[in-house]
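Trainee: Sequence:
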Amino acid sequence: MRSALASLTLTLALACGLSAVAQELIKPSDTGIRSSFDAPNVVLRPKHLEGAPILLWMPGTNGEPSFTVPFLKTIAAQGYRVIGMEYDDTPAVSQICPRIPDSNCAAAFRSMRVYGPNLHGGPSADTKASPVENPVQESISARLVALLHELDKRHPNEGWAEYLDGEQPKWSRIAVSGQSQGAGMAAFIAKQHEVPRVILFSSPLDFQGNLRNPRFAPWLRDKSVTPLDRWYAVRNSREPFNDALTKSYPLLGVPADHIRVFSLDLPPQANAANPMVYHGINIHDMRYLPEWQFLFGNVNPN
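With mature numbering (1 follows the signal peptide of the UniProt record, and there is no 0) applied, the sequence shown covers -22 to -1, 1 to 280.
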């Protein structure tokens, strides 16, 4: 009975929190970004939250922000302005770098995707060594800047320009999170910029060799500009990458009490025959809502 009451309380609280959230879909092409990765960005705009931080969400490989709208709405209910970002998410780092001998492959790959060529560099990163290419205009940073400009144009009284530092994101006002490859991008950003919070779902998995004996990318050990008490992470005890994640999270410096291990049985509609389902279920199963609330924290000033 107590569990049912707690669940009802959470549901009602979430419904109340979402009643003042506006949802908007904006394609990258609508902001001036020309790319084959043009699925809509998802923007959730809580009302009466001037000064609230942005939560930048980056999906995993072959993902799109619209696939996770219910999850993103729970984050908005925590008091964030939420941007689900469409970016160049194919191929994955883990599909390319394990077979490349250069230990800086993953850092160069992520630096290219986050900043574009020859910008900001990143820890231990030389984008000349990147196995992938994209112009500056298609980088995560440039996409975010273009979207913020577009939001400021559409909603001039909502203060979207306050999240810009010239033509760069003002990372001190932008929390970062993601699933799988997107979580690796969030971790890479948080290593180099002080962000309010970083929340990782089942990544980064940046290594050479194989998962049985991975040689992790050096950038995971680099000093974090974001204080370590702002780092949070999730792994699923049944996902194929669980053993590797138990090693990579401590390398990043994520505090042990900020790591959550999900382990519920799959819901009836899930395809239990595919073990990768456990890799993605962490952001789709609403039974994890109390854990999501812990991970993202309540930043609602009200």
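Be aware that a few hints might be false.
[Claimed, not checked] Using 25 Å as the maximum straight-line C-alpha spacing, the simulated DSS-like pairs for lysine-lysine come out as follows:
no. : residue 1 : residue 2
1   : K51       : K131
2   : K148      : K51
3   : K148      : K225
4   : K201      : K225
5   : K25       : K5
6   : K131      : K25
7   : K25       : K51
[Said to hold, decoys possible] Here are the computed distance ranges between Cβ atoms for each label pair:
no. : residue 1 : residue 2 : range
8   : L206      : A(-1)     : 28 to 38 Å
9   : S44       : K148      : 33 to 43 Å
10  : D8        : M254      : 25 to 35 Å
11  : D8        : S241      : 39 to 49 Å
12  : P79       : N135      : 48 to 58 Å
13  : D8        : V47       : 11 to 21 Å
14  : T39       : K225      : 36 to 46 Å
15  : T39       : R12       : 18 to 28 Å
16  : N135      : T68       : 35 to 45 Å
17  : R265      : R193      : 15 to 25 Å
18  : E145      : S14       : 19 to 29 Å
19  : K5        : T39       : 18 to 28 Å
20  : N135      : L242      : 18 to 28 Å
Honestly, the hints are just simulated from the structure, not real lab data. These numbers were taken from a predicted model, which means no experiment stands behind them. Don't be surprised by glycine CBs; every beta carbon is placed ideally from N, CA and C.
Trainee: Look at each hint and say if it fits the structure.
Mentor: Hints, verified against the model:
1. K51 to K131: Measuring from Cα to Cα gives roughly 23 Å; hence the hint holds.
2. K148 to K51: The given pair, whose Cα atoms are some 23 Å apart, holds under the 25 Å limit.
3. K148 to K225: violated (31 Å)
4. K201 to K225: holds (17 Å)
5. K25 to K5: The hint holds at about 22 Å.
6. K131 to K25: holds (17 Å)
7. K25 to K51: Answer holds: K25 to K51 is near 13 Å, not above 25 Å.
8. L206 to A(-1): 28 to 38 Å: Since L206 and A(-1) have Cβ atoms about 34 Å apart, the given range 28 to 38 Å holds.
9. S44 to K148: 33 to 43 Å: Since S44 and K148 have Cβ atoms about 26 Å apart, the given range 33 to 43 Å is violated.
10. D8 to M254: 25 to 35 Å: Once the Cβ atoms are compared, 32 Å apart, the range 25 to 35 Å for M254 and D8 holds.
11. D8 to S241: 39 to 49 Å: For D8 and S241 the Cβ distance comes to about 41 Å; the hint holds.
12. P79 to N135: 48 to 58 Å: Once the Cβ atoms are compared, 53 Å apart, the range 48 to 58 Å for N135 and P79 holds.
13. D8 to V47: 11 to 21 Å: Given range 11 to 21 Å: holds, Cβ gap about 18 Å.
14. T39 to K225: 36 to 46 Å: violated (21 Å)
15. T39 to R12: 18 to 28 Å: Between T39 and R12, where Cβ atoms are some 22 Å apart, the hint holds.
16. N135 to T68: 35 to 45 Å: holds (37 Å)
17. R265 to R193: 15 to 25 Å: violated (36 Å)
18. E145 to S14: 19 to 29 Å: Given a distance of about 24 Å, which is inside 19 to 29 Å, the answer is holds.
19. K5 to T39: 18 to 28 Å: holds (20 Å)
20. N135 to L242: 18 to 28 Å: violated (43 Å)
Violated hints, in rising order: 3, 9, 14, 17, 20; the structure is consistent with all others.
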